[in-house]
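Engineer: Using our numbering, the first residue of the sequence shown is number 196, and each one after it goes up by one.
These are computed hints drawn from the structure, not numbers from a lab. Small disclaimer: the values here were computed from a predicted structure and weren't measured. Not one of these hints is a red herring.
The list that follows gives simulated cross-link-like pairs (lysine to aspartate or glutamate, DMTMM-like), each with its CA atoms no further than 20 Å apart:
no.	residue 1	residue 2
1	314	278
2	566	541
3	203	290
4	203	289
5	203	582
6	314	290
7	203	315
8	363	427
9	203	577
10	363	403
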Amino acid sequence: MRFFEGLKVVDLTQVWIGPMMTRILNDLGANVIKIERTDTPDQVRSGFLAGNNPSGEFWNNRSQYFAARNAGKRAMQLDLRSEQGREILMQLLEDADVLAENFTPGAVRRMGLGYDDLKERFPSLVYISMSGYGQFGPIAHRKAVGMSMEPASGAVAVTGYPGEDPLKTGQTWVDHYAGLHACAAVITALIYRQRSGRGQYVDISMQEATVPTVGRHLADYLLNGRVKVGGDGNRRPGMVRGAYPCEGDDNYVAVSARDEAQWIALCGVLGHDEWSEDPRFASADARWSNHDELDELISAWTSERSKFEVAELLQAAGVAAGAVLQAPEVLADPQLAARGFWDQLELTGWGEVPVQRYFSPHIDGESYGAKGRAPHLGEHTDELLRELGASDEEIAELRESGAVVGHPVALDNDFARDAITMRLDPYIELGSVLRVDEDFRERVARGAG
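Using the sequences provided together with the hints, build the complete structure.
Structural biologist: Spelled out as structure tokens, the structure:
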């Protein structure tokens with residue numbers, strides 16, 4: 196059973212936080228209609244995560260990054276700046292339950308599509324806006340992406356290694372974290388509507404959603420007056436914790452012995468029971484004072500073994516430990532496979548590929564994956580217009596006027612130019628890009644996609 200069958204969601208969002216939230220609703224049964232603008236479709240359709248393209252398919256249907264957040268939705272393209280495009284949106288909203296948007300604050304109001312513009316016409320609509328800082332406040336107008344929001348949460352200031360500059364984490368967790376807040380808020384508003392019959396306006400601030408992640412450091416300042424700048428790396432006072440090198444290149448195991456019992460068990464696995472009584476390590480304070488020496492001793496043992504072997508030995512002794520998995524190992528992980536975590540979905544030019552789920556709970560023995568592959572750009576435009584009662588002649592007129600597009604956009608626009616001219620050198624140096632489609636510019640010039 197999919198709990199939200201019959202729920203209709205009009206999705207104006209793009210990139211991560213919004214598409215992730217609406218994908219969860221879709222996986223739970225909602226009918227999600229993704230609206231993309233005719234001039235600038237969802238920007239993650241393009242770029243380096245679209246991969247190589249030897250077969251020449253349209254680049255904007257090939258991104259696994261896009262597919263993961265939009266699987267199972269239907270898609271159409273509307274020019275929301277045109278009167279006809281906005282009227283089509285109004286028709287879609289006539290029986291909609293949720294409208295989701297994550298534009299910079301003020302953008303939808305300038306198009307006449309803000310909550311105040313719509314609430315009288317659609318009094319039962321749950322309208323959710325997701326932005327970096329929320330819809331009001333002295334800096335609410337600022338543009339925001341995960342890279343700018345992580346520092347605003349306070350997390351970057353306390354991440355990194357002793358004596359070094361603060362670091363951003365390796366992933367855009369802010370969008371994911373705030374997206375779960377958004378999903379919970381929409382469901383809460385829908386429950387209220389079920390009881391009252393009235394819609395709600397939901398205002399999500401990515402900053403507010405993520406500040407609680409540094410609550411320990413805020414409390415330390417409030418209670419003790421200490422300001423933490425820079426991180427402790429993998430270390431934590433009061434416990435033996437770290438990522439230790441293992442056999443092979445770039446292989447590590449994460450270990451966390453949280454108390455005396457686990458410390459004694461760790462000593463036993465390492466073959467050095469005497470360390471538990473060694474004055475250098477006999478107490479939590481002593482271990483913290485001598486953590487460099489202790490890390491060297493542990494590393495000397497782990498480096499002679501595989502990360503999986505170390506994790507198994509420590510787990511068997513009751514010590515929390517796990518192999519640090521790289522992307523191929525995550526994809527092949529037997530635990531994830533056993534729980535059916537991956538959806539195998541068609542991706543243009545690639546065949547079936549594994550796509551992660553964003554709603555992972557198992558409820559009463561059931562799990563909830565994608566209802567289908569991600570939509571091609573404008574794939575369902577005609578289908579949705581016909582559902583609204585438009586004839587073939589009217590659809591042709593809408594196409595002619597530019598109010599709708601039902602096929603990949605022409606590449607003569609800013610969005611396409613940005614994708615084409617994006618510098619890949621930094622990504623190649625970081626290892627984020629492994630291969631480059633050398634004839635991409637030539638095929639774009641030919642109009643091949």
